[in-house]
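Novice: The primary structure of each chain is shown beneath.
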Amino acid sequence: MRKNLNVIAAYSIMMVLILMVGIFQSWNIALSIFNLCLISAVMTMGANIQWGYAGLINFGIMGYTALGGLAAVLISVDPVQEAWRAGGFDILMCLWLIIVMVLVIRFILKNFKKSKLRTYSIAALIITGIIIIRVTAEPGIEKIEAVNPASTGFLGGFGLPIIFSWIVGALFAGGLAFVVGKVALGLRADYLAIATLLISEIVIAIIKHEDWLTRGVKNVIGLKRPAPYEVDLQTTDWFISLVEKFNSGKLSVIENLADRQGALNQLVIEGSSVFVKLCYSGLFLVVVIILLILTQKALYSPWGRMMRAIRDNEEAANAMGKNVVKQHLLIFILGSAIVGIAGAMLVTQDGLFTPGSYRPMRYTFLIWVMVIVGGSGNNFGAILGGFVVWFLWIEAAPISLFLINFFTAGIPETNALKAHLIESVPYFRFLMMGLGLLFIMRYRPKGILPEKIEIK
Amino acid sequence: MDFLNAIILLLNYIFIPALTYGSQLALGAIFVTLIYGILRFANFATGDMMSFGTMATILFTWYFQSLGVSLGVLPTALIAIPFGIVLMILYMLLIDKFVFKYYRNQKSPPVQFAMVSIGVMFVTQAVVRIIIGPGDRRFFDGEKFIIKAREFKEMTGLNEGLALKSTQVITIFITIVLVSLLFWFLNRTKTGKSMKAYSDNEDLALLSGIDPKKIVLVTWIIAGILATIGGVLYGLDKSFKPFTYFNNMLPIFAAAIVGGIGNPFGAFLGGYVIAFSEILLTYAYKKFFMYILPQSMEPNSLVQLLSTDYKFAVSFSILVIVLIYRPSGIFKGKVL
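Heads up: the sequence lines are chains A and B, in that order.
Reading the first sequence from the start, the letters are residues 1 to 456 in the numbering used here.
Reading the second sequence from the start, the letters are residues 1001 to 1336 in the numbering used here.
Watch out, some of these pointers could steer you wrong.
Unchecked claim - Subject to a maximum C-alpha distance of 30 angstroms in a straight line, what follows is the list of computed DSSO-like cross-link-like pairs (lysine-lysine):
| # | chain 1 | residue 1 | chain 2 | residue 2 |
| --- | --- | --- | --- | --- |
| 1 | B | Lys-1193 | B | Lys-1311 |
| 2 | A | Lys-208 | B | Lys-1190 |
| 3 | A | Lys-143 | B | Lys-1097 |
| 4 | B | Lys-1311 | A | Lys-218 |
| 5 | A | Lys-182 | A | Lys-326 |
| 6 | A | Lys-218 | B | Lys-1286 |
| 7 | A | Lys-208 | B | Lys-1311 |
| 8 | B | Lys-1238 | B | Lys-1097 |
| 9 | A | Lys-208 | B | Lys-1287 |
| 10 | B | Lys-1107 | A | Lys-143 |
| 11 | A | Lys-322 | A | Lys-446 |
| 12 | B | Lys-1311 | B | Lys-1190 |
| 13 | B | Lys-1311 | A | Lys-143 |
| 14 | B | Lys-1213 | A | Lys-446 |
| 15 | B | Lys-1213 | B | Lys-1311 |
| 16 | A | Lys-208 | B | Lys-1241 |
| 17 | A | Lys-224 | A | Lys-326 |
| 18 | B | Lys-1144 | B | Lys-1286 |
| 19 | A | Lys-143 | A | Lys-297 |
| 20 | B | Lys-1241 | B | Lys-1165 |
| 21 | B | Lys-1144 | A | Lys-446 |
| 22 | B | Lys-1190 | A | Lys-182 |
| 23 | A | Lys-452 | B | Lys-1148 |
| 24 | A | Lys-182 | A | Lys-116 |
| 25 | B | Lys-1165 | B | Lys-1286 |
| 26 | A | Lys-116 | B | Lys-1311 |
| 27 | A | Lys-452 | B | Lys-1101 |
| 28 | A | Lys-116 | A | Lys-326 |
| 29 | B | Lys-1193 | B | Lys-1165 |
| 30 | B | Lys-1107 | B | Lys-1097 |
| 31 | B | Lys-1238 | A | Lys-208 |
| 32 | B | Lys-1241 | A | Lys-446 |
| 33 | A | Lys-245 | A | Lys-143 |
Stated by the list, open to error - In silico contact screen, one side only, chain A against chain B (beta carbon under 10 angstroms); selected entries:
| # | residue |
| --- | --- |
| 34 | Leu-198 |
| 35 | Glu-201 |
| 36 | Trp-368 |
| 37 | Met-433 |
Quick caveat, the hints were computed from the structure, so don't treat them as lab data.
Being a predicted model, the structure only gives us computed values, none of them experimental.
A virtual CB, placed ideally from N, CA and C, is assigned to each residue, including glycine.
Construct all of the structure, not just a fragment, from the sequences and the given hints.
Specialist: In structure tokens:
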């Protein structure tokens, strides 16, 4: 108990902060912060596995998040039959061509010795392959995008419950991580960072512009939810009576029957959106707890010890007969898969997929700030980092507004400087994040909750 | 005649824009590569430092414009650049003193430096946005075109026009001057040579009496000059928007690595490699083929290898290919 005091204290403070938002601002805001904190926590756990356990730096988090989101679309949207009839055949042909191309390249790589000729022939193969694929796909893509472009214009998905996408998102992200890992893991740390960052940008570019698959910047809206809809709740009897029961004290004060009905309606509307958010919180909490148990178990298993050995001294671990390359690839895939889950969760919660919103600032660097601030190598720290940083990210504007007003209290409202500062309140969050990161790195380089290694 | 038209077409839509864009990237890439070679870290704050320098220049430009100072046909920003550079260097030295110096003394691993530079990136982004706002700003004044497309057509009687923007000429001219000065400095002067020595082998350089503090100072000064001028040239040619500058960091990194990180000349050429491949691969060649091919063979499609949406993706793919097959870059930099 004593050992874990700081963990418990840190989490209690965090919970109190969120509760305070609930009491002073509104429960809706508090819960939406809490939900995104949970999603961020999943992302940080993914990044923490890579960075904290194995020392791999992955700046491609944005790409895996987006792939998870794509999985949510592909799983939950109903298939667009018309589009499939129009261009499905061409797309399937392309898929076959890609598979054949990959197999041929694998065959060449396996059966021929490394030589200039081999390299050039593979390059030629890839270029001709891409041209053939483009030529085959072009008419199909045009036909698909022409099918009712205002509402569909893409192939749609499988029409399954969106929850499945959490697993599929992990698979997608893991698959990409496999390819990226094969290509880039040999690089030195800071260049691995750049390479993964750029690869994630390529992924985003593809998701943004391949309209037949993702509707691109036209966004996919109205994804099916795993939670009930507010509108349905507001007309459900048990929900109304539940709200009535909760607020019976408040309602009984109101004498007039009509007024009371009006107040109840208002409460039901508010309550319904809180209830929906609570449903999501429950779902996300389950994911976070399952992942936390798994990652904790892994950390203290022989495998976790091996990973730390590899992280701390690659050569020694190699000399002890551990396959460093393979383990790096494995952990890269595992971490990215967890980030993929988070991406799918995010889209599930929002109910919409907006490829344009995936920006490295929000989905890569912010997550890294969370990991570093929270404490790399410590799962509780990483999760706490997700909570603290997301909380600050959202509440930075009100906090800095308060601070500006406090420090400029003597200056009249019309002062140009004060007006300018108040106008630029939204950007103080960047300042807070940057300064926070710099201070933590300087004075507490292991994060708020540092890594603790207990040998059991 | 058709052949001439085709050449003018390529000049107008590929060669000149790519040369301009390449120059802007090249300056940024030399900045990255110098920081990498001498201070030994990948600076993720590159784009935002460039935007800080540009912002400082814009502020001075506005000040000069309000005073009524102008260069006539040339943009006022050119007078403001030196002042912007000074502000930029001060900012960089401040950051170095409060942030990077500590880690340098600790001999931290490059990853930690990279993380710290992310903190600097956030802070710089905030500073720029708080001071000038996130909006799109054009600060170009003076004569916009040297040759207008229509005038060119009238002059030569060709079908294709060649438009030459003054910003393009300014960009290319300043880049050439600046880069030749820089290479002269690095290769001919004592300080430049000691910088190279420090970059090649730190211990040996220290042993032979090179003062590391001076090297770091000079590096930041050169970096400040490059970053500001690169940023201002980009802003004059297109427009200034903090977010775009942040995004430009990625092709700049690509250029620096493709050219061989730590190698300024490689970075310089790398900028053009990236710019030309981006534009060559995403240009629609339909009109070009219409000029050079006989009527019967005219293409129906746009003859575009990749849609322009993939412009950035092209440079990143080149980078990934280079990283796989030649991790030291095309022009042999440090092995990563």
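Novice: Is the hinted pair Lys-1107/B and Lys-1097/B satisfied, with a Cα-Cα distance of at most 30 angstroms?
Specialist: Roughly 15 angstroms between the alpha carbons, so the hint for Lys-1107/B and Lys-1097/B holds.
Novice: Check whether the Cα positions of Lys-1193/B and Lys-1311/B lie no farther apart than 30 angstroms.
Specialist: violated (37 angstroms)
Novice: Mind checking the alpha carbons of Lys-1213/B and Lys-446/A for me, to see if they're no more than 30 angstroms apart?
Specialist: holds (29 angstroms)
Novice: Would you mind confirming whether the straight-line C-alpha gap from Lys-1311/B to Lys-143/A stays at or under 30 angstroms?
Specialist: Roughly 25 angstroms between the alpha carbons, so the hint for Lys-1311/B and Lys-143/A holds.
Novice: Quickly compare the C-alpha distance for Lys-1241/B and Lys-446/A to 30 angstroms and report which way the hint goes.
Specialist: violated (35 angstroms)
Novice: Please verify whether Lys-116/A and Lys-326/A have alpha carbons no more than 30 angstroms apart.
Specialist: holds (27 angstroms)
Novice: Please verify whether Lys-208/A and Lys-1190/B have alpha carbons no more than 30 angstroms apart.
Specialist: Violated, at about 50 angstroms.
Novice: Taking 30 angstroms as the top limit, are the C-alpha atoms of Lys-1238/B and Lys-208/A close enough?
Specialist: Given that 30 angstroms is the threshold and the Cα spacing comes to 23 angstroms, the pair holds.
Novice: For a C-alpha distance cap of 30 angstroms, please report whether Lys-224/A and Lys-326/A respect it.
Specialist: violated (39 angstroms)
Novice: Lys-116/A and Lys-1311/B were given as a pair; does the straight-line alpha-carbon distance stay at or below 30 angstroms?
Specialist: holds (29 angstroms)
Novice: Starting from Lys-208/A, check that the Cα of Lys-1241/B is at most 30 angstroms away, please.
Specialist: At roughly 21 angstroms apart (the allowed maximum being 30 angstroms), Lys-1241/B and Lys-208/A satisfy the hint.
Novice: Do the numbers back the hint for Leu-198/A, that is, is its least Cβ distance to chain B under 10 angstroms?
Specialist: holds (4 angstroms)
Of the numbered hints given earlier, the model fails hints 1, 2, 3, 8, 10, 12, 15, 17, 19, 21, 22, 23, 29, 32 and 33; all others are met.
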